[in-house]
Amino acid sequence: MEKYALFFDIDGTLVSFKTHEIPPSTILALTQAKANGHKVFIATGRPPLIITNLGAIEHLIDGYVTINGALVYVGKEVVCCKNIPVEAARFFVDDAIKKNYGLIVVGERDVAVLDPQGEVNQIFRQEIAVKNLNLAKPVEEVLQQRILQLTSFFKEEYETELMARIPTCTSGRWHPAFTDITAKGADKGEGIRVMAKHLGFDPQYTMAFGDGGNDSSMILTAGIGVAMGNAIDSLKQQADYVTTSVDEDGILNALKHFKLI
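In the working numbering, the protein residues as written are 1360 to 1620.
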(Lines of atoms letter the chains of each structure in order from A and count residues from 1; the text may use other names and numbers.)
(Lines give C-alpha, C1' and ligand atoms only; values in the text may rest on other atoms or scores of the structure.)
Protein backbone atom coordinates (compact mmCIF):
# COMPACT_ATOMS: atom_id res chain seq x y z
CA MET A 1 0.00 0.00 0.00
CA GLU A 2 1.34 3.42 -0.98
CA LYS A 3 1.81 5.86 1.90
CA TYR A 4 -0.16 9.09 1.54
CA ALA A 5 0.25 12.60 2.90
CA LEU A 6 -3.23 13.60 4.10
CA PHE A 7 -4.18 17.29 4.26
CA PHE A 8 -7.19 18.39 6.28
CA ASP A 9 -9.03 21.69 6.49
CA ILE A 10 -10.24 22.42 10.04
CA ASP A 11 -13.63 24.16 10.12
CA GLY A 12 -16.37 22.04 8.57
CA THR A 13 -13.92 19.24 7.77
CA LEU A 14 -12.11 18.11 10.90
CA VAL A 15 -14.23 20.14 13.29
CA SER A 16 -18.03 20.18 13.25
CA PHE A 17 -19.80 23.53 12.96
CA LYS A 18 -22.54 22.02 15.17
CA THR A 19 -20.48 20.71 18.08
CA HIS A 20 -17.22 22.70 17.54
CA GLU A 21 -15.38 19.44 18.20
CA ILE A 22 -13.64 16.72 16.21
CA PRO A 23 -16.01 13.73 15.89
CA PRO A 24 -14.81 10.51 17.59
CA SER A 25 -14.91 8.71 14.22
CA THR A 26 -12.43 11.24 12.80
CA ILE A 27 -10.03 10.78 15.72
CA LEU A 28 -10.23 7.02 15.20
CA ALA A 29 -9.67 7.36 11.44
CA LEU A 30 -6.58 9.58 11.80
CA THR A 31 -5.14 7.35 14.50
CA GLN A 32 -5.49 4.33 12.21
CA ALA A 33 -4.09 6.24 9.23
CA LYS A 34 -0.97 7.18 11.20
CA ALA A 35 -0.59 3.59 12.40
CA ASN A 36 -0.69 2.52 8.75
CA GLY A 37 2.20 4.83 7.91
CA HIS A 38 0.38 7.80 6.38
CA LYS A 39 1.25 11.40 7.26
CA VAL A 40 -1.28 13.88 8.68
CA PHE A 41 -1.16 17.59 7.88
CA ILE A 42 -3.40 20.55 8.65
CA ALA A 43 -4.37 22.94 5.83
CA THR A 44 -6.37 25.82 7.25
CA GLY A 45 -7.20 29.47 6.82
CA ARG A 46 -6.66 29.97 10.54
CA PRO A 47 -3.46 31.60 11.80
CA PRO A 48 -1.60 29.63 14.50
CA LEU A 49 -2.93 31.94 17.26
CA ILE A 50 -6.47 30.63 16.79
CA ILE A 51 -5.74 26.97 16.06
CA THR A 52 -7.02 25.91 19.47
CA ASN A 53 -9.44 23.08 18.63
CA LEU A 54 -7.13 20.24 17.59
CA GLY A 55 -6.07 18.97 21.01
CA ALA A 56 -7.53 15.50 20.41
CA ILE A 57 -5.31 14.90 17.35
CA GLU A 58 -2.37 17.24 17.95
CA HIS A 59 0.00 14.34 18.61
CA LEU A 60 -0.79 12.92 15.16
CA ILE A 61 0.02 16.05 13.12
CA ASP A 62 3.19 16.08 11.00
CA GLY A 63 3.01 19.68 9.78
CA TYR A 64 0.85 22.72 9.19
CA VAL A 65 -0.25 24.73 6.16
CA THR A 66 -1.82 27.75 7.85
CA ILE A 67 -3.23 31.14 6.86
CA ASN A 68 -4.35 29.63 3.54
CA GLY A 69 -0.80 28.70 2.59
CA ALA A 70 0.88 31.95 3.64
CA LEU A 71 2.62 30.25 6.57
CA VAL A 72 3.82 26.64 6.31
CA TYR A 73 5.77 25.00 9.11
CA VAL A 74 6.92 21.68 10.54
CA GLY A 75 7.50 21.76 14.28
CA LYS A 76 9.31 25.05 14.93
CA GLU A 77 10.78 25.21 11.43
CA VAL A 78 9.16 27.72 9.08
CA VAL A 79 9.09 26.22 5.59
CA CYS A 80 7.38 29.12 3.80
CA CYS A 81 6.14 32.59 4.72
CA LYS A 82 4.50 34.79 2.08
CA ASN A 83 3.42 38.27 3.07
CA ILE A 84 1.03 40.74 1.49
CA PRO A 85 2.82 43.81 0.06
CA VAL A 86 2.86 46.66 2.57
CA GLU A 87 0.93 49.06 0.33
CA ALA A 88 -1.81 46.47 -0.29
CA ALA A 89 -2.18 45.71 3.42
CA ARG A 90 -2.51 49.42 4.19
CA PHE A 91 -5.04 49.83 1.38
CA PHE A 92 -7.34 47.15 2.82
CA VAL A 93 -7.06 48.50 6.36
CA ASP A 94 -7.86 52.03 5.21
CA ASP A 95 -10.77 50.75 3.11
CA ALA A 96 -12.21 48.81 6.07
CA ILE A 97 -12.02 51.90 8.27
CA LYS A 98 -13.55 54.10 5.57
CA LYS A 99 -16.35 51.66 4.63
CA ASN A 100 -16.95 50.54 8.22
CA TYR A 101 -16.66 46.77 7.74
CA GLY A 102 -15.01 44.13 9.91
CA LEU A 103 -11.41 43.11 9.34
CA ILE A 104 -8.97 40.70 10.98
CA VAL A 105 -5.38 41.69 10.24
CA VAL A 106 -3.05 38.71 10.60
CA GLY A 107 0.60 39.56 11.15
CA GLU A 108 3.44 37.06 11.38
CA ARG A 109 3.22 37.20 15.20
CA ASP A 110 -0.02 38.93 16.19
CA VAL A 111 -3.51 39.76 14.95
CA ALA A 112 -5.61 42.93 15.08
CA VAL A 113 -9.40 43.09 14.92
CA LEU A 114 -11.58 45.87 13.53
CA ASP A 115 -15.22 45.12 14.35
CA PRO A 116 -17.41 48.22 13.95
CA GLN A 117 -20.59 46.23 13.19
CA GLY A 118 -20.01 43.35 15.63
CA GLU A 119 -19.89 40.77 12.82
CA VAL A 120 -16.44 39.45 13.75
CA ASN A 121 -17.67 38.80 17.27
CA GLN A 122 -20.90 37.20 16.09
CA ILE A 123 -19.39 34.88 13.48
CA PHE A 124 -15.92 34.09 14.83
CA ARG A 125 -16.63 33.97 18.55
CA GLN A 126 -20.23 32.73 18.55
CA GLU A 127 -20.80 30.73 15.35
CA ILE A 128 -17.32 29.26 14.87
CA ALA A 129 -16.28 29.37 18.55
CA VAL A 130 -12.85 30.89 17.84
CA LYS A 131 -10.74 31.49 20.91
CA ASN A 132 -7.81 33.86 21.56
CA LEU A 133 -9.18 36.85 19.64
CA ASN A 134 -9.06 38.62 23.01
CA LEU A 135 -5.27 38.58 22.51
CA ALA A 136 -5.60 40.94 19.52
CA LYS A 137 -3.21 43.89 19.37
CA PRO A 138 -3.81 47.44 18.03
CA VAL A 139 -3.92 47.52 14.24
CA GLU A 140 -1.06 50.01 13.88
CA GLU A 141 1.16 47.76 15.99
CA VAL A 142 0.36 44.71 13.85
CA LEU A 143 0.95 46.69 10.65
CA GLN A 144 4.61 46.99 11.70
CA GLN A 145 4.89 43.23 11.12
CA ARG A 146 4.71 41.36 7.84
CA ILE A 147 1.00 40.94 7.07
CA LEU A 148 0.07 37.42 5.99
CA GLN A 149 -3.72 37.62 5.73
CA LEU A 150 -6.65 40.04 5.84
CA THR A 151 -10.00 38.49 6.71
CA SER A 152 -12.49 40.96 5.29
CA PHE A 153 -16.18 41.05 6.13
CA PHE A 154 -17.80 42.22 2.92
CA LYS A 155 -20.10 40.73 0.31
CA GLU A 156 -18.97 38.76 -2.72
CA GLU A 157 -19.88 41.54 -5.17
CA TYR A 158 -17.61 44.02 -3.38
CA GLU A 159 -14.88 41.38 -3.17
CA THR A 160 -14.89 41.07 -6.98
CA GLU A 161 -14.67 44.84 -7.39
CA LEU A 162 -11.90 45.29 -4.83
CA MET A 163 -9.70 42.36 -5.85
CA ALA A 164 -9.63 43.59 -9.45
CA ARG A 165 -7.83 46.68 -8.14
CA ILE A 166 -5.20 44.75 -6.12
CA PRO A 167 -3.46 42.26 -8.46
CA THR A 168 -0.80 41.40 -5.87
CA CYS A 169 -3.37 39.58 -3.71
CA THR A 170 -5.77 36.67 -4.00
CA SER A 171 -9.01 35.89 -2.18
CA GLY A 172 -10.49 32.65 -0.85
CA ARG A 173 -14.02 32.71 0.55
CA TRP A 174 -15.23 29.92 2.83
CA HIS A 175 -18.08 31.76 4.55
CA PRO A 176 -20.82 33.97 3.05
CA ALA A 177 -19.94 36.84 5.38
CA PHE A 178 -16.19 37.12 4.82
CA THR A 179 -13.21 36.19 2.67
CA ASP A 180 -9.53 35.55 3.40
CA ILE A 181 -7.12 37.72 1.40
CA THR A 182 -3.51 36.57 1.03
CA ALA A 183 -0.55 37.39 -1.20
CA LYS A 184 -0.83 36.16 -4.78
CA GLY A 185 0.52 32.61 -4.88
CA ALA A 186 -0.33 31.89 -1.25
CA ASP A 187 -3.05 29.25 -1.18
CA LYS A 188 -3.55 25.77 0.23
CA GLY A 189 -2.62 24.08 -3.04
CA GLU A 190 0.74 25.83 -3.07
CA GLY A 191 1.10 24.88 0.60
CA ILE A 192 0.84 21.21 -0.37
CA ARG A 193 3.50 21.65 -3.06
CA VAL A 194 5.82 23.45 -0.66
CA MET A 195 5.39 20.78 2.01
CA ALA A 196 5.94 17.97 -0.51
CA LYS A 197 9.18 19.54 -1.73
CA HIS A 198 10.41 20.20 1.80
CA LEU A 199 9.71 16.71 3.12
CA GLY A 200 10.43 14.88 -0.11
CA PHE A 201 7.16 13.10 -0.78
CA ASP A 202 5.46 12.65 -4.15
CA PRO A 203 2.53 15.11 -4.64
CA GLN A 204 0.79 12.29 -6.53
CA TYR A 205 0.35 10.51 -3.19
CA THR A 206 -1.45 13.33 -1.42
CA MET A 207 -5.08 13.48 -0.42
CA ALA A 208 -6.84 16.71 0.55
CA PHE A 209 -10.12 17.10 2.44
CA GLY A 210 -12.16 20.32 2.48
CA ASP A 211 -15.57 21.96 2.43
CA GLY A 212 -15.18 25.63 1.43
CA GLY A 213 -14.09 27.90 -1.39
CA ASN A 214 -10.60 28.37 0.06
CA ASP A 215 -10.11 24.59 -0.23
CA SER A 216 -10.45 24.64 -4.01
CA SER A 217 -6.73 25.00 -4.76
CA MET A 218 -5.74 22.03 -2.62
CA ILE A 219 -8.59 19.84 -3.87
CA LEU A 220 -7.30 20.47 -7.40
CA THR A 221 -3.61 20.12 -6.44
CA ALA A 222 -3.74 16.92 -4.41
CA GLY A 223 -3.46 13.52 -6.01
CA ILE A 224 -6.96 12.86 -4.63
CA GLY A 225 -9.32 15.69 -3.69
CA VAL A 226 -12.14 14.85 -1.28
CA ALA A 227 -15.09 17.17 -0.64
CA MET A 228 -17.09 16.74 2.54
CA GLY A 229 -20.81 16.06 2.24
CA ASN A 230 -21.42 19.50 3.77
CA ALA A 231 -19.12 21.20 1.21
CA ILE A 232 -20.27 23.93 -1.14
CA ASP A 233 -21.48 22.68 -4.53
CA SER A 234 -18.61 24.15 -6.53
CA LEU A 235 -16.07 22.23 -4.43
CA LYS A 236 -17.99 18.99 -4.83
CA GLN A 237 -17.81 19.46 -8.59
CA GLN A 238 -14.02 19.87 -8.44
CA ALA A 239 -13.41 16.91 -6.12
CA ASP A 240 -12.43 13.41 -7.15
CA TYR A 241 -14.70 12.03 -4.45
CA VAL A 242 -17.52 13.36 -2.25
CA THR A 243 -17.79 11.75 1.15
CA THR A 244 -20.44 12.18 3.84
CA SER A 245 -20.54 15.26 6.09
CA VAL A 246 -18.23 15.98 9.01
CA ASP A 247 -21.07 14.96 11.36
CA GLU A 248 -21.70 11.73 9.45
CA ASP A 249 -18.24 10.16 9.71
CA GLY A 250 -17.06 11.76 6.45
CA ILE A 251 -13.32 11.38 6.99
CA LEU A 252 -13.60 7.82 8.30
CA ASN A 253 -15.77 6.83 5.33
CA ALA A 254 -13.41 8.40 2.78
CA LEU A 255 -10.28 6.80 4.20
CA LYS A 256 -12.06 3.45 4.21
CA HIS A 257 -13.24 4.02 0.64
CA PHE A 258 -9.66 4.57 -0.54
CA LYS A 259 -8.45 1.65 1.60
CA LEU A 260 -6.00 3.78 3.59
CA ILE A 261 -7.43 2.33 6.82
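Just so you know, the hints here were simulated from the structure itself, not pulled from any lab data.
You may find that some hints are simply not true.
No farther apart than 20 Å at their CA atoms in a straight line, the calculated lysine-lysine pairs in the PhoX-like style are these [claimed, not checked]:
id	residue 1	residue 2
1	Lys1362	Lys1398
2	Lys1514	Lys1362
3	Lys1362	Lys1393
4	Lys1393	Lys1457
5	Lys1595	Lys1615
6	Lys1595	Lys1398
7	Lys1362	Lys1615
8	Lys1457	Lys1377
9	Lys1398	Lys1458
10	Lys1398	Lys1615
11	Lys1556	Lys1398
12	Lys1435	Lys1556
13	Lys1595	Lys1393
14	Lys1615	Lys1377
15	Lys1458	Lys1514
16	Lys1362	Lys1595
Evaluation of the provided hints:
{"no.": "1", "hint": "Lys1362 to Lys1398", "verdict": "8 Å, holds"}
{"no.": "2", "hint": "Lys1514 to Lys1362", "verdict": "41 Å, violated"}
{"no.": "3", "hint": "Lys1362 to Lys1393", "verdict": "10 Å, holds"}
{"no.": "4", "hint": "Lys1393 to Lys1457", "verdict": "49 Å, violated"}
{"no.": "5", "hint": "Lys1595 to Lys1615", "verdict": "19 Å, holds"}
{"no.": "6", "hint": "Lys1595 to Lys1398", "verdict": "24 Å, violated"}
{"no.": "7", "hint": "Lys1362 to Lys1615", "verdict": "14 Å, holds"}
{"no.": "8", "hint": "Lys1457 to Lys1377", "verdict": "35 Å, violated"}
{"no.": "9", "hint": "Lys1398 to Lys1458", "verdict": "44 Å, violated"}
{"no.": "10", "hint": "Lys1398 to Lys1615", "verdict": "16 Å, holds"}
{"no.": "11", "hint": "Lys1556 to Lys1398", "verdict": "14 Å, holds"}
{"no.": "12", "hint": "Lys1435 to Lys1556", "verdict": "18 Å, holds"}
{"no.": "13", "hint": "Lys1595 to Lys1393", "verdict": "26 Å, violated"}
{"no.": "14", "hint": "Lys1615 to Lys1377", "verdict": "24 Å, violated"}
{"no.": "15", "hint": "Lys1458 to Lys1514", "verdict": "12 Å, holds"}
{"no.": "16", "hint": "Lys1362 to Lys1595", "verdict": "25 Å, violated"}
Checked against the numbered hints given earlier, this structure breaks hints 2, 4, 6, 8, 9, 13, 14, 16; the rest are met.
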